[in-house]
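Novice: Sequence:
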Amino acid sequence: MSSSPQDPEMVKAEVVYEENHTDRRNSEKVTGNNADDSDMGARYRAERKLVRKLDLLIMPIAIVLYLGAYLDRGNLGNANAMGLTTDILKGNDQQYAWVASIFVCWVSNVICNTMSVLTDDSLLVLLMQVLPYPKLSRHLTFRSPTDVLCQIPGTFGPKFVPPQYWIGAVAILWGTAAASQGGTHSYAGIMVARFFMGIGEAGFGSAIPLLFSFWYTKHEIGFRMSIFIGSAAAAGVFGGLLAYGVQQIKNAPIQNWRILFLIDSLPVILAGFVCFFILPSRPATTRWLNEDERALALSRIGKETTQESHGSFNKRHFMMAVKDYRLALCYVIYMGINIALSSLGNFLPTIVASLGYTGAKAQLMTVPPYSAAFVFMTLVNYASDRIGRRGPFVAFSMLLGSMGYVMLLSTHHNNHVRYGAIFLITMGTYTTIPLMLSWVAANAGSETQRVVGLAGLNMFGQCFAILAAHVYPKSAAPYYTLGFGLSCGFQLLAFIIAIVLMIVWSAENRRRDREFGKPTPGELVNTGELGDQAPNFRYML
Numbered sequence: 001m002s003s004s005p006q007d008p009e010m011v012k013a014e015v016v017y018e019e020n021h022t023d024r025r026n027s028e029k030v031t032g033n034n035a036d037d038s039d040m041g042a043r044y045r046a047e048r049k050l051v052r053k054l055d056l057l058i059m060p061i062a063i064v065l066y067l068g069a070y071l072d073r074g075n076l077g078n079a080n081a082m083g084l085t086t087d088i089l090k091g092n093d094q095q096y097a098w099v100a101s102i103f104v105c106w107v108s109n110v111i112c113n114t115m116s117v118l119t120d121d122s123l124l125v126l127l128m129q130v131l132p133y134p135k136l137s138r139h140l141t142f143r144s145p146t147d148v149l150c151q152i153p154g155t156f157g158p159k160f161v162p163p164q165y166w167i168g169a170v171a172i173l174w175g176t177a178a179a180s181q182g183g184t185h186s187y188a189g190i191m192v193a194r195f196f197m198g199i200g201e202a203g204f205g206s207a208i209p210l211l212f213s214f215w216y217t218k219h220e221i222g223f224r225m226s227i228f229i230g231s232a233a234a235a236g237v238f239g240g241l242l243a244y245g246v247q248q249i250k251n252a253p254i255q256n257w258r259i260l261f262l263i264d265s266l267p268v269i270l271a272g273f274v275c276f277f278i279l280p281s282r283p284a285t286t287r288w289l290n291e292d293e294r295a296l297a298l299s300r301i302g303k304e305t306t307q308e309s310h311g312s313f314n315k316r317h318f319m320m321a322v323k324d325y326r327l328a329l330c331y332v333i334y335m336g337i338n339i340a341l342s343s344l345g346n347f348l349p350t351i352v353a354s355l356g357y358t359g360a361k362a363q364l365m366t367v368p369p370y371s372a373a374f375v376f377m378t379l380v381n382y383a384s385d386r387i388g389r390r391g392p393f394v395a396f397s398m399l400l401g402s403m404g405y406v407m408l409l410s411t412h413h414n415n416h417v418r419y420g421a422i423f424l425i426t427m428g429t430y431t432t433i434p435l436m437l438s439w440v441a442a443n444a445g446s447e448t449q450r451v452v453g454l455a456g457l458n459m460f461g462q463c464f465a466i467l468a469a470h471v472y473p474k475s476a477a478p479y480y481t482l483g484f485g486l487s488c489g490f491q492l493l494a495f496i497i498a499i500v501l502m503i504v505w506s507a508e509n510r511r512r513d514r515e516f517g518k519p520t521p522g523e524l525v526n527t528g529e530l531g532d533q534a535p536n537f538r539y540m541l
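Under the numbering used here, the first residue of the sequence shown carries the number 1, and numbering increases by one thereafter.
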């Protein structure tokens, strides 16, 4: 397939928009610059009105779901501090590490199975031989219908299923699985529950960023992505406060950690049902926009890339994305983010406890670092949108996070310095997530390329979350030299890669300017045939 088919409804809507606004311009009794200024002002006001409407429809649901996702994902550390390991894992530190990592193990299986489909089983066998954990290898070579079903939905599902139904369904799935953790009484039971949590959240991970790309421009998506991802930092705030409150419950009929799992998961299930009725799908088909608004929404995105029709799949663009070494470098950055992020979610209460805080006080002291991360992330991503750059902010954030790890590694006895280092880590790590998601989305030349890029970020990033679960054992407390060292190293590597990507993409932009001339502002960008290789497509730096 050489080009991506456009939906007839999209074409019709764009024609309607141009006809309506051409008639209006012809009827105006103004000439020269006054006519242009009037039209530009009217379009600007119409766009602002449309964006506000989209924000009201999309952002609250996205925030609630991501908040719930991270509450469900991160409450394992709080539950552990409440006695989960003692009650059902018999104090087995290794079993706890596997409970933390089974959430993402299935993603590795998806990658391995996909490789075997694209090549042959010999590559899969080779990968199994070099995996660092023999037990993990045995987990990954086990194939079940669930594994097969996870492959396609985890990457291209939202492209073929209307996003509101896809997102709602996976939210209900992971919310139900998360709630079931409160009823488990064995290692096997909680492993199964978290396995299905991983399946549900994997289907959600790249669906919302993809949905954002249907509606928001390159210069709007970063700030909204930060608000969306910021709910993960907010989950740290609420999670710590909620865990503190739950831990104060006395004489409950069940253990407090079971209550925590139930409370955290119920809002996700409810929000999943709300998605079916409220969340808009695509500009060409949503019932929440009138004809002018629909046409304007399509026109806005059409100035950046050619829109693909619902359910279409461009094989050429798929292979272009798979072979793009710049995307592979983005994946490495995201790996560095995830090893830090996963360790924060599962072990921050333990890290705080190592600074001298215990029990409920340790839960409460996790709140300020997450609060600082949310504020910092929002401000940085807003500035990134305004300036129209991602790379400098990615590099700065990764450098900031690595400085925090250096402080933890070099300071063993000053608890105030170590606690301050956690602020730098949370601020640097959380800030980079929306920056990378919006950077990859902006530099994809088509919807197919965008899906591959976002899916790759999540798959490869989550694979390193497995590693994070194993480099913070209790035996390494209170200094966690291996875990802090690995996280620091990967964040410094991410800092270097961000600079390299800026140089590479900037050089390509300059080459296209020389060969094809600079693109005309506001001109529709035709990427249907060549994707990001189209002459008038420019990369965001």
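There's no promise every hint is true.
[What the hints assert, rightly or not] Below, a list of computed lysine to any residue pairs in the SDA-like style, where the Cα atoms sit at most 20 Å apart:
no., residue 1, residue 2
1, K323, K518
2, K361, H416
3, K53, I227
4, K361, S371
5, K53, E293
6, K323, E508
7, K49, K323
8, K159, K315
9, K361, E293
10, K49, V64
11, K53, G41
12, K323, H416
13, K361, F460
14, K518, G302
The hints are simulated quantities; they were obtained by calculation from the structure and are not laboratory data.
Novice: Work down the list of hints and note, for each, if the structure agrees.
Specialist: Here is what the structure says about each hint:
Of the pairs offered as hints, the one joining K323 and K518 is violated, with about 27 Å between alpha carbons and a cut-off of 20 Å exceeded. For the hint pairing K361 with H416, the CA-to-CA distance comes to about 15 Å; that is within 20 Å, so the pair holds. Taken as a hint, the K53 and I227 pair is honoured in the structure, with Cα atoms around 16 Å apart against an allowance of 20 Å. The suggested pairing of K361 with S371 holds, with an alpha-carbon distance near 17 Å, which does not exceed 20 Å.
Among the hinted pairs, K53 with E293 is consistent with the structure: their alpha-carbon atoms are about 10 Å apart, no more than 20 Å. A distance of roughly 17 Å separates the Cα atoms of K323 and E508; the hinted pair therefore holds under the 20 Å criterion. Pair hint K49 plus K323 does not hold up; C-alpha atoms about 40 Å apart against a cutoff of 20 Å. Taking the CA atoms of K159 and K315, the gap is about 14 Å. The hint holds against a cut of 20 Å.
For the proposed pair K361 and E293, the alpha carbon gap of about 51 Å is over 20 Å, so the pair is violated. Restraint check for K49 and V64: the C-alpha separation of about 23 Å exceeds 20 Å, so the hint is violated. Distance hint between K53 and G41 is fulfilled; the C-alpha atoms sit about 19 Å from each other, no more than 20 Å. Annotation: proposed proximity of K323 to H416 is violated, straight-line Cα distance about 47 Å (limit 20 Å).
A C-alpha spacing of about 35 Å is found between K361 and F460, which places the hinted pair above 20 Å, so the restraint is violated. Taking the CA atoms of K518 and G302, the gap is near 18 Å; set against the 20 Å cutoff, the hint holds.
Hints 1, 7, 9, 10, 12 and 13, counting from the list given before, are not met by this structure.
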